[in-house]
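Protein chains: 2
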Amino acid sequence: MSSMRTLLHPACADLSLPTILYALGDPLRLRMVGQLAAVDEAISCGDIHVVKEVPKSTGSHHFKVLREAGLIRMVPQGRRVLVSLRRADLEERFPGLLDAILHTYDRQ
Amino acid sequence: MSSMRTLLHPACADLSLPTILYALGDPLRLRMVGQLAAVDEAISCGDIHVVKEVPKSTGSHHFKVLREAGLIRMVPQGRRVLVSLRRADLEERFPGLLDAILHTYDRQ
Chain C
1 MSSMRTLLHP ACADLSLPTI LYALGDPLRL RMVGQLAAVD EAISCGDIHV
51 VKEVPKSTGS HHFKVLREAG LIRMVPQGRR VLVSLRRADL EERFPGLLDA
101 ILHTYDRQ
Chain R
1 MSSMRTLLHP ACADLSLPTI LYALGDPLRL RMVGQLAAVD EAISCGDIHV
51 VKEVPKSTGS HHFKVLREAG LIRMVPQGRR VLVSLRRADL EERFPGLLDA
101 ILHTYDRQ
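As they're listed, the protein sequences go chains C and R. Okay, so the first sequence: first residue is 1 according to our numbering, each after it adds one. Okay, so the second sequence: first residue is 1 according to our numbering, each after it adds one.
Each hint should be verified, as a subset may be incorrect.
[Stated by the list, open to error] Label-pair ranges, simulated between beta-carbon atoms: (1) R/P76 to C/D47: 49 to 55 Å; (2) R/S60 to C/D99: 33 to 39 Å; (3) R/P95 to C/L8: 34 to 40 Å; (4) R/E68 to C/V54: 22 to 28 Å; (5) C/L82 to R/T6: 48 to 54 Å; (6) C/V54 to R/P27: 24 to 30 Å; (7) C/T6 to R/A11: 44 to 50 Å; (8) R/S60 to C/L8: 32 to 38 Å; (9) C/Q108 to R/E68: 18 to 24 Å; (10) C/L82 to R/E53: 40 to 46 Å; (11) R/H103 to C/L7: 28 to 34 Å; (12) R/C12 to C/G78: 44 to 50 Å; (13) C/E53 to R/R79: 46 to 52 Å; (14) R/T58 to C/L8: 28 to 34 Å.
By construction, these hints were calculated from the structure, which means they are not laboratory data. Note that CB positions come from ideal geometry on N, CA and C, so glycine has one too.
Pulled out of the complex, with its shape left as it was, chain C reads as follows:
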């Protein structure tokens, strides 16, 4: 398909701790990841609540930061882009880290 966008994702082995922490170090991105962790499945980018509250370009930027850090996977499907948390990859690379952060996020 010529219209297929190529969205790059870092390999599991290339995930970097400071890059992951930086990506989560923004209130809006943290809420995006919090929602994805709660639904625990791939959903349409447009269904991420906080993204609806900001300009489209801002949302795109935050998706890009999270994707390039390796926190989320984005898969184009027709006119939508499905997004999911890379929970297994993160657990493999940094065991316990994401759970500790999400646990803290949920308790806030």
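Starting from the structure of chain C, add chain R where the hints point.
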């Protein structure tokens, strides 16, 4: 003492998760915190290894980000500034979080 600098530190209750993650989301700052966690006592700012590798203004900036996020305490003592990790405050505000991040940092 008129020469006493006032260094502001956020109260424990005011520590913010995204702000903490942002402060740790930089390779140099993560190494600063890693060293402070390893020594587990107050040391002179000038004894932080990575700070010796960068311009003084860069080091000052990173100390400021860590201090304002509530990760470190900086106490002027004569011509030195003693710096320490606010481990107890962080543990009280976000139980388990710092340990999980430091554990991941040590395993990298």
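A quick look at each hint next to the structure:
The beta-carbon spacing between R/P76 and C/D47, approximately 51 Å, falls within the hinted interval of 49 to 55 Å. A beta carbon spacing of about 35 Å between R/S60 and C/D99 agrees with the range 33 to 39 Å that was offered as a hint. In this structure the hint that R/P95 and C/L8 lie 34 to 40 Å apart at CB holds, the actual value being about 36 Å. In this structure the supplied range 22 to 28 Å holds for R/E68 paired with C/V54, their Cβ-Cβ distance being about 25 Å.
For the hinted restraint 48 to 54 Å between C/L82 and R/T6, the CB-CB distance of approximately 51 Å keeps it satisfied. At roughly 28 Å, the beta-carbon separation of C/V54 and R/P27 lies within the given 24 to 30 Å, and the hint holds. A C-beta distance of roughly 47 Å is found between C/T6 and R/A11, which places it inside the suggested range of 44 to 50 Å. Distance hint check: the CB atoms of R/S60 and C/L8 are about 36 Å apart, consistent with the given range 32 to 38 Å.
At about 19 Å, the beta-carbon gap between C/Q108 and R/E68 stays in the expected band of 18 to 24 Å. Hint check: C/L82 to R/E53, Cβ distance near 43 Å, so the stated range 40 to 46 Å holds. At about 31 Å, the CB distance of R/H103 to C/L7 agrees with the hint of 28 to 34 Å. A beta carbon spacing of about 49 Å between R/C12 and C/G78 agrees with the range 44 to 50 Å that was offered as a hint.
Distance hint check: the CB atoms of C/E53 and R/R79 are about 49 Å apart, consistent with the given range 46 to 52 Å. Between R/T58 and C/L8 the beta carbon distance is about 30 Å. The supplied range of 28 to 34 Å therefore holds.
Taken one by one, the earlier hints all hold for this structure without exception.
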